[in-house]
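Colleague: The lines below spell out each chain.
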Amino acid sequence: MDPSLLARIQFAFTAGFHFLFPPLTIGMAWIVFALMNRWNRTDDPADKAAAKFWFGLFSVSFAVGVATGITMEFQFGTNWAEYSRFVGDIFGAPLAAEALFSFFLESTFMGVMIFGWNRVSKKTLWFSSLMVAVGSTLSALWIIIANSWMQTPAGYAMRNGRAELTDFFAAALNPSTLPRYTHVIAVSLLTGAFFVMGISAWYLLKKRHEAFASRSLRVGLVTGVIAAFLVLSFGHWHGVQVANTQPEKLAAIEGLFQTEKPAPGIIFAIPDVKAKKSRFAIQVPAMLSFLIYGEFDAEVRGLGAFPEEDWPPVLLTFSTFHTMIGLGFAFIGITLLGVFLWWRGKLESTRWYLKMLMFALPLPFLGSQVGWITAEVGRQPWAVYKVIRTVDAISVSVPAYQILISLILFIAVYALLFGLWVFLLRHKIHHGPEEA
Amino acid sequence: MTHEILQVVWFFLIGVLFVGYAVLDGFDLGVGIWHLFFKKDGERRALLNSIGPFWDGNEVWLLTAGGAMFAAFPGAYATVFSGFYLALMLVLFALIFRAVALEFRSKIDSPVWRARWDVAFAVGSILPALLYGVALGNILRGIPLSVGGDYTGTFFGLLNPYSLLIGLTGLAMFALHGALWIAVRIEGEPAERALGWAKSAWYAYASLFVLGSIWTLAAQPHLLANFRAAPVLWIIPLLAALAIVATGQYTRSKKALPAFIASSLSIAGLWGIVGASIFPNMVPATGDAALSLTIRNASSSHLTLTVMFIIALIGVPIVLGYTIWAYKTFTSGGRLAADEKAGGY
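Chains as they are written, first to last, in my numbering: chain A, 1 to 436; chain B, 1 to 345.
Just chain A, same shape as in the assembly (with noise of 0.2 Å):
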């Protein structure tokens, strides 16, 4: 067996898995925290039972985002030792600034909260609320610097045999830090707020505790809205910042297998990587043209412009791309809609929405699975683009028997855990909110 293909798998694995959990950690945290900000003003029981409830499911979900995270930072000494002995001197001082000023206060302030709500007051619950909310909004931004450090890197030479730092704020803020932490970002307080709807409406359609539920469906629909807006607008920044930087990957994602000018923004298609060219193709003249550069006329590159051996793989990331794109605009829809009814008076009433909200629940976790997977397999085979190879860039003293050991234990603990958090939120659920 191949250790390096291994490799890969176990770490897209791993790293897909423990990023179901973030996303809807972060988002929580801060519809947590405004729930504690309204208990706070208002020192109803009610409101205080809300935060509690929502905070019983942050936790659950909180804990599994550990326990698989800690997995991460193992994994690049484990599996990637080429890797970090090449790019240690830039990579690894982000992850240490992930635990000591993200981690250490998520973590502390987690304590707090979880054993202190008959111990410290409502102001030190509020301000803990905080701190886990900045705490974890934190750790996405210094893993998105390392992780963006791969995809343009900056503020590096190579030197002695490997890259080293020139400029740290250069190679922190490389040019797609700022567009890939902004849309991640989003996408977790989109991720939270479809996670609160979902559930709401579920309490809704069953009429129970319906008071506690509308509020919260509510402030899920505010978050889910505002949030859907900016996904679409940092992803669009991003995907800009994508063509300018990484043409291969942008032309893999967008099935565009011939330079053109101008460029068609494919809607549909079966990319045909041996034909090289995109099957049954729907698309708009001129729209990928347009949306990069803002003209109708202006060329971009195809996949032809450079040598097949740094062509991404090209079925993968065009179809998850798509699917991506295709979710960002249903997001933008069904919060609309939630939206208009609101408006209308209807929110709590039209059974077929709430029903909508409930089945959507999972569709902002497969966004972030198939856009993580566009961003990750569009950078191949770069593990740092232009810098190491990704076979270049395993452990080369890890047989691939002990890899195969350590991925199918980790697909048989995962889905214990997967099953496990899904038993427990259901029957937190299923309890419900604390009633006066």
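Read the hints as simulated data drawn from the structure, not as lab findings.
If you're wondering where the values come from, they're calculated on a predicted model, not measured in any experiment.
Glycine included, each C-beta is placed from N, C-alpha and C at the ideal position.
Be aware that one or more of the hints could be misleading.
[To be verified] Selected chain A positions facing chain B (in silico; Cβ < 10 Å): (1) R41; (2) R85; (3) P94; (4) L95; (5) K428.
Guided by the hints, dock chain B onto chain A, whose structure is given.
Modeller: Relative to chain A, chain B alone:
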């Protein structure tokens, strides 16, 4: 600061991070080691609630130490993590199970559910408590390295007698530390029991420390080179031994808090011995000593070490500030009763 000075500073800082981890998460692991010895649900809940507010933050010291290793000495991080692959995966899965066991155990009101998670919590604590020492033992002993810095031995090669001895010493150390934490934080009869077990753990700890010291003096000459060159360093093992003796004295005279403090100092002392022995190596190589990973050949660039130092100067005081506040807040209510029902766990 020059590159050379920063390399020494980071050797020391990473040591401090590992000491912090061992002292703090050390009592979490120690509580886990004794968890199944307590049979009543109320007692087990009290144990979990005693570490509840702190364990997650304590565990972050490990992530910070690992992250700092990656940032400051990426060569050493890469070699150790990839070389000890299966052992580290075992530790990782244990930590994962410990984390979810702590969070999930009391969420469903079913004795079967709780019993299963109690086992997961115990195993998730015992395994790392043992394996950390085994890993450290291998570092002390030295491991075979290639020219590229990669480990060239096998998984079973890591389970050599010397490393297993260090592993058992660590296990005894954590067990003692955890038992003393229980004696400090829980009230009544369970605390008495814990003090009794602490006494036994101390005998194991002290004997293994003596055995390990004799073995090192006799069979690991490379670990004595620094002490021969600078005999003032002998004060470190001396202080460590004194701390161990003090822990034993306080334990026997049932003074739990002084015993816990002495135990913490002994942990720091043991790490001091490790640091003094291997400096300036991070990963000594058996065979050709020139292949050892040192603070000189495995470190990051001057700029990175400087940036990291600034990050540490900003971050560490802030972390210490709110950590101390959290400990004060959650230990100020007196000891926990062993029929604790109102805790978060």
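Colleague: Would you mind marking each hint as holding or not holding in the structure?
Modeller: Against the structure, the hints come out as follows:
1. R41: violated, 24 Å
2. R85: holds, 5 Å
3. P94: It holds, given that the least Cβ distance between P94(A) and chain B is near 8 Å, below 10 Å.
4. L95: holds, 5 Å
5. K428: holds, 8 Å
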